[in-house]
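Chemist: Given next are the chains, with one letter for each unit.
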Amino acid sequence: MKAASMNVHPSLAIGQPIETLDAISPDATSPAATAPDAMVRFEGISKTYPAYRGKPGVNALQNIDFAIPRGSITGVIGRSGAGKSSLVRLINGLERPTTGRVVVDNRDISALTGRDLRLAQRSIGMIFQHFNLLSSRTAAANIALPLEIAGWAKADIRARVAELLELVGIADKHDRYPSELSGGQKQRVGIARALATRPSVLLSDEATSALDPQTTRAILDLLANINCELGVTIVLITHEMSVVRQLARDVVVLDAGHVVESGHVADIFTHPKHPITQSFLAEVIGDTLPVSLASRIVSEPPAGGQAVIRVHVRGAGAGDTLVARLARELGLDVSLLSARIDEIGGQHVGSLTLGIPLGVSGEDATTRTLAWLSQYQLPAERLGYVA
Amino acid sequence: MSPELINLIIQATGESLYMVGLAALIGTAFGLPLGVFLATSRKGELFAAPVVNRVLGIVVNATRSTPFIILVVAIIPFTRFVAGTSIGSTAAIVPLTIASAPFIARLVEAAIREVDGGLIETASSFGASPIQIVLKVLIPEALPGLLLALTLAVVSLLGYSAMVGAVGGGGLGDLGIRYGYQRFMPEMMLAVVVVLIALVQLVQSAGDYLARRVNRRLRHR
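So the protein sequences, as listed, match chains A and B. Reading the first sequence from the start, the letters are residues 920 to 1306 in the numbering used here. Reading the second sequence from the start, the letters are residues -4 to 216 in the numbering used here.
Mixed in with the good hints, there may be bad ones.
With a cut-off of at most 20 angstroms between alpha-carbon atoms, the simulated DMTMM-like pairs for lysine to aspartate or glutamate come out as follows [what the hints assert, rightly or not]:
| no. | chain 1 | residue 1 | chain 2 | residue 2 |
| --- | --- | --- | --- | --- |
| 1 | B | Lys131 | B | Glu116 |
| 2 | B | Lys38 | A | Glu1014 |
| 3 | A | Lys974 | B | Glu182 |
| 4 | B | Lys131 | A | Asp1075 |
| 5 | A | Lys1192 | A | Glu1202 |
| 6 | B | Lys38 | B | Glu116 |
| 7 | B | Lys131 | B | Glu182 |
| 8 | B | Lys131 | A | Glu1067 |
| 9 | A | Lys1192 | A | Glu1159 |
| 10 | A | Lys1073 | A | Asp1094 |
| 11 | A | Lys1192 | A | Glu1067 |
| 12 | B | Lys131 | B | Glu109 |
| 13 | A | Lys1192 | A | Asp1174 |
| 14 | B | Lys38 | B | Glu109 |
| 15 | B | Lys131 | A | Asp1094 |
It is worth saying that the hints were derived from the structure and are not from the lab.
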């Protein structure tokens, strides 16, 4: 546990009230470890894969310390190779940490072996990118598998499977084999199977990455309902920002085996600090101007043209009335050249590109506009001019 | 063909089926677990035991590379110990079984390795024990492949059974050699070959049919 107490930054404990930090005695373990209502806690985790057959060893995860709040939907986002899969497999004991421990529902899962581990795994469900259904079993029989393994009685299994098929909305696919189901239906079977033994945690390993956008949306809605109705803590592993944006309340950004940022989705993505976080954000709000506009921008002010200003919008309701107010208060014919605003965790995030008339007063209007924007703490930049 | 000769053919067919049937059954009883173990005991696998895996692999290869007719003669003392005699159809089952078990094991290993590794991880993730994974995931998922493997083994055993005439095992092959070749009765040789061809066709068709029936990977209705 030495690594934990040395390397933890308090901000890495997500969803954790600040007050609890005061309660920690100086020699206690990491702040994450004392989070009162954590479902999953990573304490000083590192994971190293040893060198094997000429391939060098890999440090998949280093100094991981954070907690996943009970009942939350937490996204773990990162590029491929960032260590997401290793991280999620530590939670259900499919892999063991090299150092540190993983506490799930107040039980140190990394210390369990054999039968104890298998019993604990029944309270942790998992869904997969490629669904991983048994081709030899019908939808109902696939869902029954974890119950058979847990030793349920036949009648109980039958009742529970019917209930689960209803829950995921495919009661009519009871006797269908996976080869007869669509991708979305297969993932519904996967979700029902993962929930069969009434787990307290549901792990999702890129569960929508093989689905089309419409189906992805439906599956994410289903997961949101499950979280809401059953109170199951959901951990979403993904490389897609849109998944985090639609579903997660908390987010952990992983890069090269390190947690680079973590916290509420709204906070992290309205003020992204790490370049990786910024690049994920750019995926949804778009950082580039439309080609038709970008190609017209010049660096010298043309007579009778417009100055091009980009305003970055962050926060609740920001930007709603910006153009109208700007026009009214400064008496300018502001034109809206391009805009991209999206909502992440209830906060508006995006940018507006405005054209400010140069007119007879030249740069005067532009200077006043920039001053006005900085008064409202809206970061802005001058991109150039258009005719 | 005289009724006596037809009787001989019927009797020899019965002996062949008896030897092949029992050898396939006992061979599977040994070969199936051995094959499952070979498929799951390399480094990092379900029953990881790399050294045992390697040793068993060598034993299997050694048995499979011994020509069958030499195996039959070489293990006569063992055959006598197990069957009480080294002559006759029942005694012939011993070398047939010893030849088929490693063959079946290799086919089973290949079929089991075809099962998507993600399914093992999935079953582990909801707390299945290694035995449960074998019984509830690996074998059911590999069943079409296992049935085809068994079919192949039975067909090969029909071929092997023709050689056990050398130790008085009887059967169709023995009949063909003694009557068709040594007594210059080409019509007997022809009859034996026709019966063998029919048997192989029958076994192969039945195996294909069953494998198709249990294969749910393809849409069929």
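Chemist: Given the hint that Lys1192(A) pairs with Glu1067(A), does the C-alpha gap stay at or below 20 angstroms?
Modeler: Violated, at about 48 angstroms.
Chemist: Does the alpha-carbon distance linking Lys131(B) and Asp1094(A) stay inside the 20 angstroms limit?
Modeler: 18 angstroms, holds
Chemist: Mind checking the alpha carbons of Lys974(A) and Glu182(B) for me, to see if they're no more than 20 angstroms apart?
Modeler: Violated, at about 65 angstroms.
Chemist: Under the criterion that the straight-line Cα-Cα distance not exceed 20 angstroms, is the pair Lys131(B), Glu116(B) satisfied?
Modeler: Holds - the C-alpha atoms of Glu116(B) and Lys131(B) are around 13 angstroms apart, at most 20 angstroms.
Chemist: Verify the proposed pairing of Lys38(B) with Glu1014(A), using a straight-line Cα cut of 20 angstroms.
Modeler: 15 angstroms, holds
Chemist: Would the pair Lys1192(A) and Glu1159(A) pass a check requiring their Cα atoms to be no farther apart than 20 angstroms?
Modeler: The hint holds at about 18 angstroms.
Chemist: Taking only the CA atoms, is the gap from Lys1192(A) to Glu1202(A) under or equal to 20 angstroms?
Modeler: At roughly 16 angstroms apart (the allowed maximum being 20 angstroms), Glu1202(A) and Lys1192(A) satisfy the hint.
Chemist: Are Lys131(B) and Asp1075(A) close enough, with their CA atoms no more than 20 angstroms apart?
Modeler: 19 angstroms, holds
Chemist: Quickly compare the C-alpha distance for Lys1192(A) and Asp1174(A) to 20 angstroms and report which way the hint goes.
Modeler: 13 angstroms, holds
Chemist: For the pair we were handed, Lys131(B) and Glu182(B), check the Cα-Cα distance against 20 angstroms.
Modeler: Cα-Cα ~51 angstroms, so violated.
Chemist: Check whether the Cα positions of Lys131(B) and Glu109(B) lie no farther apart than 20 angstroms.
Modeler: 16 angstroms, holds
Chemist: Would you mind confirming whether the straight-line C-alpha gap from Lys38(B) to Glu109(B) stays at or under 20 angstroms?
Modeler: Satisfied, since the Cα-Cα distance of roughly 17 angstroms is no more than 20 angstroms.
When each numbered hint is compared with the structure, violations occur for hints 3, 7, 11.
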